[in-house]
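A.B. asks: One-letter residues, chain by chain:
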Amino acid sequence: MLEIKCPYCGLRDEEEFGCGGEAHIARPLADNPISDKDFADYLFYRDNPKGLFLERWRHSAGCRRWFNVARDTVSHQILEVYPMGAKPSTKAGRAAYEASWRRQSPAEAAARNIPQKTRKTSTSKR
Amino acid sequence: MARKTNIRANRNSHQAVSIDSHAPISFTFDGRTYQGCRGDTLASALLANNVHLTGRSFKYHRPRGIMAAGAEEPNALVGIGVGGRIEPNIKATQIELYDGLVAVSQNRFPSLKLDMGEINSVFSRFFPAGFYYKTFMWPASFWMGYEHIIRRAAGLGKASDTHQDPDRYEKRHAHFDIVVVGGGLAGLNAALQAANSGQRVLLAEDQHQCGGWLRSCDDIAIDGMAGHEWADKTALHLAEMENVTLLPRTTCFGYGDHNFLTLAERVTDHLAEKPAHLPRMRLWKVRARQVILATGAIERPLVFAGNDLPGVMLASAAQTYLNQYGVLAGGRGILTTNNDAAWHSAFALHEAGCLITAIVDTRENPAPAVLKQAAALGIQTRLGAGIIAAHGRLHIARVEIAPLTKTGDALAGEAEHFDCDLVLMSGGMNPVVHLHSQSRGKLKWDERTYCFRPSTSHEATQSVGACNGSFEPSRGIKEANAAALKAVKANGGAAEALDLPDIIARKINYTPMPIWQIPSGLPAGQGGKAFVDFQNDVTASDIQLAVREGYHSVEHVKRYTTTGMATDQGKTSNINALGILARERNAEIPAVGTTTFRMPYTPTSIGMIAGRDIGGLFDPVRVTPMDKWHREAGAKFEHVGQWMRAWYYPQKGESMEEAVHREVRAARQTAGLLDASTLGKIDIKGPDAAEFLNRIYTNSWLKLGVGNCRYGLMCKDDGMVMDDGVTTRLADDHFHMTTTTGGAAGVLDWLEEWQQTEWPELKVYLTSVTEQWAVATLSGPAAQEILNAAGTDIPLNNEGFRFMSMREGHVSGLPARIYRISFTGELSYEINVPARYGMALWTTLMRAGKTFGITPYGTEAMHVLRGEKGFIIVGQETDGTVTPHDLGMSWIVSDKKPDFIGKRALARQAMQASDRKQLVGLKTKDPKQVIPEGAHATLDPDQPPPVDMLGHVTSSYFSPNLGHSVAMALLRAGHTRMGQTVYFPMLDGSPPIEATITDTRFYDPKGERLNG
Ligand SMILES: [Zn+2]
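Chains as they are written, first to last, in this note's numbering: chain X, 1 to 126; chain S, 1 to 1012.
Hint data in this document are derived by calculation from the structure and do not stem from the laboratory. Keep in mind that a hint or two might mislead.
[Stated by the list, open to error] For each label pair, taking beta carbons as the anchor points, the in silico distance ranges come out as:
| id | chain 1 | residue 1 | chain 2 | residue 2 | range |
| --- | --- | --- | --- | --- | --- |
| 1 | S | G641 | X | T90 | 50 to 60 Å |
| 2 | X | E80 | S | G641 | 46 to 56 Å |
| 3 | X | G21 | S | G705 | 48 to 58 Å |
| 4 | X | M84 | S | V621 | 30 to 40 Å |
| 5 | X | K91 | S | S768 | 37 to 47 Å |
| 6 | X | M84 | S | G934 | 47 to 57 Å |
| 7 | X | K50 | S | H936 | 40 to 50 Å |
| 8 | S | V82 | X | K50 | 26 to 36 Å |
| 9 | X | K91 | S | T407 | 54 to 64 Å |
| 10 | X | M84 | S | N586 | 52 to 62 Å |
| 11 | S | H734 | X | M84 | 19 to 29 Å |
Every residue gets a Cβ at the ideal spot worked out from N, C-alpha and C, and that includes glycine.
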């Protein structure tokens, strides 16, 4: 059982937490043009690396706050814990963040506002 | 020789350091009463009474006796206790004797001495490695029958099948600076050094006294005391220190991530009278900053034909029985070994009165010192030789000893026969690396002592002493002390090295000869069974067979032969199995590798793991404020999540169907009253509350007026329906959301997740208020009159209080919020009062409604009523693959909002597919027929298999208000199939049910009844 340092409560047993899977998956805004295939990168595809992994956890049975954890999936060593919205601050954590294929993905680009004139509204056919 | 029958003759009490020979106690084994002493284990007491035969083996039902003296015992598994306290498969070597203890042998029928299952031995060539896999591959249907018979013949002990466990178990969480596992020489020294450095120390010892091997040997003196005296004194000193927790009778059985240890403390098992205030066991869940493992070593058996006969024992075990318990395990013994250390065990027994007739060593050159001592004691030796076979029926009676070739893999001469009643065997030492290995530490093969030792650690842990392969006592304490200092420093403590105790120990060379099987001189499989894993009945030839059949990986061989599995976890079997596997593969042991040791180290009571989380405490039961009323009214209940909800209220003599139909009719003809308190309720407040809801729900929320209600559907971001409910605007910045009963916690999680992770800029507070409000739903044509009769200051006329709005005021003087919303399609008021007024509200309404025929209705009637209206229930009409469009609810999906959860996904091409399953209504041809929920639809009832399935029925009821059945189904392209006929084949072979596809609104399709 892991021991995780909640940024708000301190060291607690894993059983107080829930794991929310891969962190730093930017959500495309619905009215930005993006293909189904690119959208699937956001919706369905999740990394499962052997080694350092940036993931989201929440202190479900504590303060109920979400935060990020940089955890080695082999050694279970926790490299750092950092707040939601922040980026990793350790060198290895930062490198893992930068190295992710998501940084270049159209889904991540579509998470930012695209200027109105180049925007094409996607509509439901129903 | 004639076996002694007098218990005293078998006891050598001046040496018995672990028992009180003046405190005799009695116990029974298989119904017979015996005497033992306080401090005995069941095993030592049985041996003191000359009882060697303790059980039958797992597969072959061979007679088995006590082979070891600790947790490694593979044979002497017994059942303990009576009634609800029966516990099977306990090692007799680990049971501390108490007055009145009741033990039974296992795995025998009808009796231990005459066992029908022994016939398995006669036919044993049918039980080779992989027997189960081979025999029962085909036909699959036979397996169930075979398994039943074989499991009974080859099972282990039986649990109590009629009684509840009367004992109580506790859990304790704790943090320590340094945890030391094992209270032997090394562990005591490590604990001493750590404790003297001011660290908070936990020392866990498996036995009831510290000392480990110090209690069994007679050749170690420490600070001028006998080893066991030093151990007692040191343990006492440690126990008195404030910063030390010393737990005897405590086994560390698990070692997980981040230095998390689980320990089983046996609190009352050794007591005849169990004090009521004490739990039977305590599970310690310990987080340690540093761990020191001092778990010792286990002697390795030698593999020779007949090595499993009762009376064949590990040499160190025999010495333990002698020195700790004063028990001589036999009168005429033979030692077979490959190392010097075991010679000293034989000498100790010889000097105590067990005539050692021969020492047989596979080596040609044992140390001159042991040869000299053997000569002085008059013990004859056979060097470069081994026991090639042991004979006897229920006990060892005779052995064959033959010279071996230099490498030990063939015979080099004729066999001699020796009579004996005891064989001591020793194949070297296996360090107990289990915990190190559980914590994912690596192992390395030690070429000096031929065993696996810990190499790199994964956690903050160090192994010291015998478990580290350091068998020499002086080396062990040095290691222990250094490890403790290192741990203290790692914790940031200041440590001053203690003086090491002055230790005088015999110099022993612990290097054994690597020999994994003594040859029998016969071809493999013909020389009698030579056991590698006694507990799982795995022989050397099983491993040979596995290799011949192509299983080369150690993990495959383990599973194919079952060696090292179950409670043994390779304690005695591991290295011999690896040695034989390596030999068969012409490989070196390190190249073969070793299997992973898994937790638990020793079998662990499930009762302890469950602790107090049993019965009513297993899972919380939630009841509404009106629960007592429902019970007194004789309601039947159903579980919804953790809630107990009134299901229906049968009156005298009514069946469920009759009761539900009566309730359903009343709700449409007069009035029904439902306890809806379990609905999830979330208070949403903040300047961005409306914007937040606008993104959560599929429809629009920005313009909802204060005091108005709106139905909302929420999707996951894949566009699939997740929950629904009515949400009301209480103020500009304040909303009251309702969710499904079962979905409440999940929806709060969901809202919090989006608020915190995706839209932290939105200023919204979310609070669960499910349990703060009690809700009574009054529904039916008489609802308004009843509410007026109960007395309310809220005007109820349709103009003043419109459908889908909320008014705040009082009902019979109780502060209330009334929501005019309807899940029945009738005029309906959801009356919310603070939870403490729930019962008052309910009884007031029942009293006020009496003359109008008010009828309480349960969840079943609620389902039928909404089924008549075609209202969906999330989780019944939906299953995570259903979109709002599939439900025919496109009207609730906004196409004007820039975004909401699920919006982009609903625009995916796959969501537009014409063959998606869509929700439709069904009317059966025979109006009385009710299609079973879950039934599958087909267009052609006569189609031969594979039948093309259209979809399935999600809800189905008989509607007493309509006089026919109503059903909903998810059918492929269902919305385009209105009027088509579909068939539902029945499992019981009755004719398929025929039905027509319809709209889902069966009752009052125009919604005219909403206004009463
Ligand atoms: Zn927290």
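A.B. asks: Could you run down the list of hints and mark each one as holding or not?
C.D. replies: Here is how each hint holds up against the structure:
1. S:G641 to X:T90: 50 to 60 Å: violated (41 Å)
2. X:E80 to S:G641: 46 to 56 Å: Since the Cβ atoms of X:E80 and S:G641 sit about 37 Å apart, the hinted range of 46 to 56 Å is violated.
3. X:G21 to S:G705: 48 to 58 Å: Between X:G21 and S:G705, where Cβ atoms are some 39 Å apart, the hint is violated.
4. X:M84 to S:V621: 30 to 40 Å: holds (35 Å)
5. X:K91 to S:S768: 37 to 47 Å: holds (41 Å)
6. X:M84 to S:G934: 47 to 57 Å: violated (42 Å)
7. X:K50 to S:H936: 40 to 50 Å: Check passed, 42 Å falls within 40 to 50 Å.
8. S:V82 to X:K50: 26 to 36 Å: violated (52 Å)
9. X:K91 to S:T407: 54 to 64 Å: Since X:K91 and S:T407 have Cβ atoms about 55 Å apart, the given range 54 to 64 Å holds.
10. X:M84 to S:N586: 52 to 62 Å: Holds: the Cβ-Cβ distance is about 58 Å, inside 52 to 62 Å.
11. S:H734 to X:M84: 19 to 29 Å: About 25 Å separates the Cβ atoms of S:H734 and X:M84, which means 19 to 29 Å holds.
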